[in-house]
Amino acid sequence: MSETTSPARALDEPAAAGRARPAAAVRAAGRRTAGARLRKAGTVVLFLAPSAVPLVLFTLVPMVGSLWVSLHEWNLIGAMRWVGLGNYAALLRDGDAWRALGNTVLYIAGYLPLVYVGGLGLALALNRVTRGRDLFRGVYFLPVVTSWVVVALIWKWLLNPSEGIVNKILALLGIDGPGWWTSDTWALPSVIIASAWKDLGFVMVILLAGLQAVPGDVLEAARVDGAGAWRRFRHIVLPLLSPSTFFVLVISCISGFQVFDQVYVMTSGGPAAAASEVAVERVYDLTFRYGRVGDASALSWVLFLVILLVTVVQVRLQRRWVDYG
Amino acid sequence: MGNRLLYAALVVAGLVTLAPFGWTLLSSLSDGGVPGWPLDPSLGAYGDLLRAIPFWRVLLNSVVVAAVSTGLQVLTSSMAAYGFARLDFPLKDAVFVVYLATLMVPMQVLVVPLFIEMRTFDLVDTYAGLLAPTVASAFGVFFLRQAVRQVPRELDEAAVMDGAGHVRVFASVVLPLIRPALATFTIFAFMASWNAFLWPLVILRSPEFMTLPLGLATLQGQFTTRWDVVMAGSVVSVLPILVVYVLAQRHVIASVARTGLK
Chain A
1 MSETTSPARA
11 LDEPAAAGRA
21 RPAAAVRAAG
31 RRTAGARLRK
41 AGTVVLFLAP
51 SAVPLVLFTL
61 VPMVGSLWVS
71 LHEWNLIGAM
81 RWVGLGNYAA
91 LLRDGDAWRA
101 LGNTVLYIAG
111 YLPLVYVGGL
121 GLALALNRVT
131 RGRDLFRGVY
141 FLPVVTSWVV
151 VALIWKWLLN
161 PSEGIVNKIL
171 ALLGIDGPGW
181 WTSDTWALPS
191 VIIASAWKDL
201 GFVMVILLAG
211 LQAVPGDVLE
221 AARVDGAGAW
231 RRFRHIVLPL
241 LSPSTFFVLV
251 ISCISGFQVF
261 DQVYVMTSGG
271 PAAAASEVAV
281 ERVYDLTFRY
291 GRVGDASALS
301 WVLFLVILLV
311 TVVQVRLQRR
321 WVDYG
Chain B
1 MGNRLLYAAL
11 VVAGLVTLAP
21 FGWTLLSSLS
31 DGGVPGWPLD
41 PSLGAYGDLL
51 RAIPFWRVLL
61 NSVVVAAVST
71 GLQVLTSSMA
81 AYGFARLDFP
91 LKDAVFVVYL
101 ATLMVPMQVL
111 VVPLFIEMRT
121 FDLVDTYAGL
131 LAPTVASAFG
141 VFFLRQAVRQ
151 VPRELDEAAV
161 MDGAGHVRVF
171 ASVVLPLIRP
181 ALATFTIFAF
191 MASWNAFLWP
201 LVILRSPEFM
211 TLPLGLATLQ
221 GQFTTRWDVV
231 MAGSVVSVLP
241 ILVVYVLAQR
251 HVIASVARTG
261 LK
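These protein sequences, in sequence, are chains A and B. Going by UniProt numbering, the first sequence wraps up at 325, each residue one higher than the last. Going by UniProt numbering, the second sequence wraps up at 262, each residue one higher than the last.
Each hint should be verified, as a subset may be incorrect.
[Said to hold, decoys possible] Each pair of labels, with its calculated beta carbon distance range:
(1) L308/A to K92/B: 24 to 30 Å
(2) W56/B to L85/A: 48 to 54 Å
(3) V12/B to P161/A: 53 to 59 Å
(4) D323/A to M104/B: 23 to 29 Å
(5) G22/B to V61/A: 44 to 50 Å
Hints were generated in silico from the structure; no laboratory data involved. Note that the Cβ used here is the ideal one computed from N, Cα and C, for glycine as well.
All chains should be built: construct the whole structure from the sequences, respecting the hints.
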């Protein structure tokens, strides 16, 4: 703050020092610094207000509003009734909310191993070829830029129980395909398959970037020392890849707990809607279908706290296995 | 593993990636969505698509909304980034922490109170209501602030010597120097806006304001889901982003790869 050489200072307080005729100069300087200060404040406002005002209006205010609403019983239209922590207490006994949270966890449990193992396999393979690497990488990344809604619609058609190509191919192999998104058992796996297909390329790019940072001479030295492919992978590549793995894990868990678009498009309104309902979908339904806004807000905060907790635990645990070299 | 086996595996993975897109295209050209043999392609579903939703309007909405939202985010974020990196003011660190805090609040916590807020302002089912929550990005401020901090201060000082004010330094010295970071953020912001679903679903009602993801989602269920029409809509909505992607592919992938490398 006090260093006068900073360009910010230099800009705002041009040559206010070193004049003759003390009294008048001091008064003039006082006016000038007051003016300069005002101008400086104006500059700060000019640069910050365009982002600060919307963030306050559309993030901070709704955040506080959401907490406030979660302490009330309200149907969006009538008067709000104060219930304190009643909505949170009711949540503990709400089977639908628990099932939605459970489905969200199941989704992550199915999705994460698929994208990680698949993405790692692709990254390892791509790291070993030179010809056509950019082409393959570009192709694998294609679903990542496609919107969730389109991905969900494409897979809903591929996995259509009667007309879909997947069940037709299964039939050719003599397998009676399941009802996929129409079936209570297969709805969540259908969503997981579509999601993994979309995100595989993203995980691949992150892990490939990590792999390319693995120094080749270390691997070569290990090879010379007689370490087999598996041992080199297990003891050199995986530890060096742990920061990228950590990044994928944290990002996937955060976005996994917030999964909505693909589930809504694939199963909402269908026969397996209830069996595959996830947490954000429950928040949406509670608000706009059942008019239980207080319950919805309470659930959204619980979900936020769960995400926060999972992230904090992951960051804490990273010291045990993430190797930043 | 032999090189041939490696390439075989890569090709199979490529086919698994591309086949669903190919099937989508085929289905969109087939009556009822089920490609027969021999193929009998028809563009009938595309005609029905134009009748089922105000397609050109929806496409235009998507383009305009994504462009405006991205442009505003880049502008507001880069200005704040400059403010935090180059201006001194009281409580600067505290203000920055508040910015970071808003980054952690997920959309699903905001969506209900935001809807209520927009209803109070009478902005439900309007472009303004759709755009308002997307004009600023705490992520953008954070990301671009890092970039501004890497610009050597001597360069601003040289401009100051020449008598330039903050606005001039920002616009003609700093912005050109952080172009790569601006491009990365632009790509992320554009993709997020183009693909956004939850907020448009909540705030919009009328077909004439809908963006593509929302328009497509409403297609299914109309007349017991015409899958050829739904697939035609998917094809048309993938095409624009595909063109952008093919042109900017290297940059897009490099941007994503960089976010994973700390």
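So, going through the hints one by one against the coordinates:
1. L308/A to K92/B: 24 to 30 Å: holds (26 Å)
2. W56/B to L85/A: 48 to 54 Å: For L85/A against W56/B, whose Cβ atoms are near 51 Å apart, the range 48 to 54 Å holds.
3. V12/B to P161/A: 53 to 59 Å: Since V12/B and P161/A have Cβ atoms about 26 Å apart, the given range 53 to 59 Å is violated.
4. D323/A to M104/B: 23 to 29 Å: The hint (23 to 29 Å, Cβ to Cβ) holds, given that D323/A and M104/B are roughly 27 Å apart.
5. G22/B to V61/A: 44 to 50 Å: Distance hint for G22/B, V61/A holds at roughly 47 Å.
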